[in-house]
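J.: Below are the chains, spelled out letter by letter.
2 protein chains.
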Amino acid sequence: MIRVVILGAGNVATHLSNAFLNTNKVDIIQLYSRKKSSLKHIDNQINTTTNLNDLKTADVYIIAITDDEIALFSSKLPLKNSLVVHTSGSLAMNKLHDKFRKGVFYPLQTFSKNKKIDFKSIPICIEAKNNDDLILLEKLASIISKNVYQINSKQRESLHVAAVFVNNFVNHLYHIGNKICMNHNVPFEILEPLIQETASKVLYLPPYEAQTGPAKRKDEKTIKNHLLLLTNNQQKIYTILTQSISTTYGEKL
Amino acid sequence: MIRVVILGAGNVATHLSNAFLNTNKVDIIQLYSRKKSSLKHIDNQINTTTNLNDLKTADVYIIAITDDEIALFSSKLPLKNSLVVHTSGSLAMNKLHDKFRKGVFYPLQTFSKNKKIDFKSIPICIEAKNNDDLILLEKLASIISKNVYQINSKQRESLHVAAVFVNNFVNHLYHIGNKICMNHNVPFEILEPLIQETASKVLYLPPYEAQTGPAKRKDEKTIKNHLLLLTNNQQKIYTILTQSISTTYGEKL
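First to last, the sequence lines map onto chains A and B. Per the numbering used here, residue 1 is the first one in the first sequence, and the count goes up by one each step. Per the numbering used here, residue 1 is the first one in the second sequence, and the count goes up by one each step.
Isolated chain A (complex conformation) (with noise of 0.2 Å):
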């Protein structure tokens, strides 16, 4: 057994403990939040404690909170020579305190309170300064996940940039599509299989070949058209994305 303290209780807390849960080879010795109205709705086979004096002794303590707080709370940690790791995507490993044995459990994934989720197919980049606490983190991360992919922080760093084109970005244009459907009162819905089908698309196509549409085919007309029917910051996000693939595909519009 992997004993393991969860130090927060938000959505990657929550679902984090859920995985652990669900196997018999993780044991959630305790669970950790500030507040102790977030505790309410944690499963009450889990220790919890709203005193970080009252720490208990664990293989690793995973921080799961926001990233603007992890340093200034894991210098707060009463623990020393323990492997302590966080979750985050955009935070170097060395950001934590330099009296732990530091490391990195970042499960590459978008998590809402009250969608279930499978685990497995689930990313988790790992990264540790020995190598022990490395294979350790390995073995905790593939119990859970059957993709676990050794990413130092200058790596994990770009892979959460490029998250946020494909993850934050993409879901914009998702609403920016919804907004047109509303002004011009279409329902929404008869996009749905395009976009599934978009998505799907990657898994077996590079997306550099997958592309379509008036800005690949540099027509014209076409884009004038659409154009005319969108509104001043529709047009401008419009117009770059336009350039860009038309660029990409060979000589500018």
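Treat the hints loosely; a few may be bogus.
[Stated by the list, open to error] Straight-line C-alpha distance at most 20 Å; calculated SDA-like pairs for lysine to any residue: (1) A:K95 with B:E220; (2) A:K25 with A:D59; (3) A:K139 with A:F119; (4) A:K36 with A:K95; (5) A:K224 with B:A71; (6) B:K116 with A:A210; (7) A:K120 with B:E197; (8) A:K25 with A:E138; (9) B:K95 with B:K120; (10) B:K179 with A:S90; (11) B:K120 with A:E192; (12) B:K120 with A:E189; (13) B:K76 with B:K115.
[What the hints assert, rightly or not] Pairwise CB distance ranges, derived in the manner of DEER restraints: (14) B:N24 with A:K139: 49 to 59 Å; (15) A:K236 with B:D27: 46 to 56 Å; (16) A:N185 with B:S200: 25 to 35 Å; (17) B:K154 with A:E220: 13 to 23 Å; (18) B:K224 with A:N24: 42 to 52 Å; (19) B:N24 with A:N233: 29 to 39 Å; (20) B:S200 with A:T247: 28 to 38 Å; (21) B:N18 with A:T247: 30 to 40 Å; (22) A:D43 with B:K154: 45 to 55 Å; (23) A:N233 with B:E69: 26 to 36 Å; (24) B:Q243 with A:L227: 30 to 40 Å.
[Claimed, not checked] Sample of chain A residues at the chain B side, in silico, Cβ under 10 Å: (25) S90; (26) I117; (27) I122; (28) N147; (29) A162; (30) G177; (31) V186; (32) P207; (33) T212; (34) G213; (35) K221.
Source of the hints: derived by calculation from the structure; they are not laboratory data. The model shown is predicted, which means the values in this text are computed figures rather than measured ones. Just so you know, even glycine gets a beta-carbon here, dropped at the ideal spot from N, CA and C.
Go by the hints and put chain B onto chain A.
T.: Quick look at chain B alone, frame taken from chain A:
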């Protein structure tokens, strides 16, 4: 049996023919293509021609060729009073020649020649000038799809621009994510589960509510760090989308 003639041999024509062939309620009377070579891969149970003067009698003639050529092509068809429809998302119905009964039969999906698609889930947007024709198109569409929508030319135009956002532009963001990964020596496959989850979230949550990330949180530190990792062109896209998200969720960044 509804008798259909398909004019064209590209992706849409091929996928439509296959969908009709898989039912026993549609008779593909004939398939026309300008070039003999395009007809080589056609199932040999279908009659084919490269000569418009040889067109046979049918209930519906479906033009599935490049948008730009539809208007002129339709004027050359030696037909009168027949029901002639096009399959374009962006072309108004009235661009078809006035000598016919006009209509539109627009399957909203991204087609690749080599990938099989389950037509049942593809939305088909239909439009017709007179009501009997609309009923016939609805019948025809319902044979191959469970999602049939009556959409007029104006609505269809806005649907098409929305599709550019959720398909063409989204795919380009996948491409940028892929490039960032390649530039920093990270396997793009790590992002695939995130891409799938982002798309599947739309099915049960409006994209406005699904939004996460530094732009929504107005997390300026992370945004600044991200920009340092990007090329000039990527920075422009990052900045404009970040501003757009930020504006969508309250005051400017």
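J.: Check whether the Cα positions of A:K95 and B:E220 lie no farther apart than 20 Å.
T.: holds (18 Å)
J.: Is the interface hint satisfied for A:G177? The criterion is a beta-carbon contact with chain B at less than 10 Å.
T.: At 4 Å from the nearest chain B Cβ, A:G177 passes the 10 Å test, so the hint holds.
J.: Given the hint of 29 to 39 Å, is the C-beta distance from B:N24 to A:N233 inside that range or not?
T.: Roughly 50 Å apart at Cβ, these two residues miss the hinted range, so it is violated.
J.: Kindly confirm whether 46 to 56 Å is satisfied by the beta carbon distance between A:K236 and B:D27.
T.: Since A:K236 and B:D27 have Cβ atoms about 49 Å apart, the given range 46 to 56 Å holds.
J.: Double-check A:K221 for me: the hint is only fine if its C-beta lies closer than 10 Å to a C-beta in chain B.
T.: holds (7 Å)
J.: Are A:G213 and chain B close enough, Cβ to Cβ, to be under 10 Å, as the hint says?
T.: holds (3 Å)
J.: Taking 26 to 36 Å as the stated bounds, is the beta-carbon spacing between A:N233 and B:E69 within them?
T.: holds (34 Å)
J.: Is 30 to 40 Å a correct range for the gap between the Cβ atoms of B:Q243 and A:L227?
T.: violated (19 Å)
J.: Would the hint on A:T212 be counted as holding, given a Cβ-Cβ threshold of 10 Å to chain B?
T.: Cβ of A:T212 sits 6 Å from chain B, so the hint holds.
J.: Given the hint that B:K116 pairs with A:A210, test it: the Cα-Cα distance must not exceed 20 Å.
T.: holds (15 Å)
J.: Is it true that the C-beta distance of A:D43 to B:K154 lies inside 45 to 55 Å, as the hint says?
T.: About 53 Å separates the Cβ atoms of A:D43 and B:K154, which means 45 to 55 Å holds.
J.: Could you check if A:I117 really has its C-beta closer than 10 Å to a C-beta on chain B?
T.: Since the shortest Cβ distance to chain B is 7 Å, the answer is holds.
Hints 4, 9, 13, 19, 24 from the list above are not met by this structure, while the remaining hints are.
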